[in-house]
Amino acid sequence: MTESCREIFSSLERMFNMTALRFALMIAVAALTASGQQNSPQPSPPQKDSIPASCPVTTRPVRPFIPPPEYRRTELPEHAFFIGTSDLFTILHEAMIWYWKPHSSGMILTEKIFWYRQGYRWEQEPTPKIKVRGRRIDGPAPPLELPYGRPTHAIFSPDFSAMLTGVYVPVPGCWEITGDYEGNKVSFVVWVEAAKPEKP
Numbered sequence: 001m002t003e004s005c006r007e008i009f010s011s012l013e014r015m016f017n018m019t020a021l022r023f024a025l026m027i028a029v030a031a032l033t034a035s036g037q038q039n040s041p042q043p044s045p046p047q048k049d050s051i052p053a054s055c056p057v058t059t060r061p062v063r064p065f066i067p068p069p070e071y072r073r074t075e076l077p078e079h080a081f082f083i084g085t086s087d088l089f090t091i092l093h094e095a096m097i098w099y100w101k102p103h104s105s106g107m108i109l110t111e112k113i114f115w116y117r118q119g120y121r122w123e124q125e126p127t128p129k130i131k132v133r134g135r136r137i138d139g140p141a142p143p144l145e146l147p148y149g150r151p152t153h154a155i156f157s158p159d160f161s162a163m164l165t166g167v168y169v170p171v172p173g174c175w176e177i178t179g180d181y182e183g184n185k186v187s188f189v190v191w192v193e194a195a196k197p198e199k200p
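Counting from 1, position 176 in the sequence shown corresponds to residue 176 in the working numbering; the numbering is continuous, with no gaps.
In short, the hints are calculated from the structure, not lab data. These numbers come from a predicted model, not from an experiment. Mixed in with the good hints, there may be bad ones.
Said to hold, decoys possible - Cβ-Cβ distance ranges computed for the label pairs, FRET-style: (1) Pro197 x Ser157: 35 to 45 Å; (2) Pro102 x Ile66: 17 to 27 Å; (3) Val62 x Pro197: 21 to 31 Å; (4) Pro69 x His103: 33 to 43 Å; (5) Gly183 x Pro102: 32 to 42 Å; (6) Pro102 x Arg73: 31 to 41 Å.
Stated by the list, open to error - Below 30 Å or equal to it, Euclidean Cα-Cα: the simulated BS3-like pairs (lysine-lysine) are: (7) Lys101 x Lys129; (8) Lys185 x Lys131; (9) Lys101 x Lys112.
Beta carbons: idealized from backbone N, C-alpha and C, even for Gly.
Please build the complete structure, drawing on both the sequences and the hints.
Here you go:
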């Protein structure tokens with residue numbers, strides 16, 4: 001078997017060995033993309049009345065970051081915006097509220113964060129080098145958790161992919177989340193609010 005054949009088979013093997021999480025994320029992303037292309041009504045953002053004045057949540061910048069064209073294939077929802085630089089960026093959603101549930105309720109993740117970087121290709125870096133950290137800025141708390149461990153990737157199309165991390169915030173409050181890809185950092189502040197108990 002030639003070296004080129006080995007590389008092809010190795011690439012195919014990596015593709016078919018993706019975890020169930022990756023498949024689920026691909027399906028979810030495809031559904032969201034299709035929804036955006038069909039110009040379906042966008043859901044309203046959460047209300048920001050519950051965010052205390054002491055939590056400086058990240059707001060839409062006056063001069064918004066405009067990513068490279070390949071990352072603007074579909075129009076963002078009205079309440080979403082990009083933040084960062086071409087070296088590392090993400091999409092945030094107003095009003096910057098995440099909802100929290102304890103692990104005992106069966107909740108594994110608080111949020112999934114998609115990270116983008118011009119030139120990133122999942123087949124060259126299936127396990128991205130991005131590091132994600134979080135700290136509560138309005139009181140003591142355990143560190144941010146990454147329940148699935150290492151970052152993974154999401155495939156939007158053959159030439160368009162993103163880095164992906166699932167995070168769990170251990171307690172509600174005001175949290176600063178930072179993504180770091182080889183020294184290129186993006187940070188944002190979000191209010192994490194305890195979700196209301198579900199009615200029986």
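Results for each hint:
1. Range check, Pro197 to Ser157: about 40 Å between beta-carbon atoms, so the 35 to 45 Å window is met.
2. Here the CB-CB span from Pro102 to Ile66 is close to 39 Å, at odds with the stated 17 to 27 Å.
3. Remark: the range hint 21 to 31 Å for Val62 to Pro197 is contradicted by a beta-carbon distance near 39 Å.
4. A C-beta distance of roughly 41 Å is found between Pro69 and His103, which places it inside the suggested range of 33 to 43 Å.
5. Checking the proposed 32 to 42 Å range against Gly183 and Pro102 shows it holds: the Cβ atoms sit about 35 Å from each other.
6. Remark: the range hint 31 to 41 Å for Pro102 to Arg73 is upheld by a beta-carbon distance near 38 Å.
7. Among the hinted pairs, Lys101 with Lys129 is consistent with the structure: their alpha-carbon atoms are about 28 Å apart, no more than 30 Å.
8. For the proposed pair Lys185 and Lys131, the alpha carbon gap of about 9 Å is at most 30 Å, so the pair holds.
9. For a cut-off of 30 Å, the pair hint linking Lys101 to Lys112 stands: about 15 Å separates their Cα positions.
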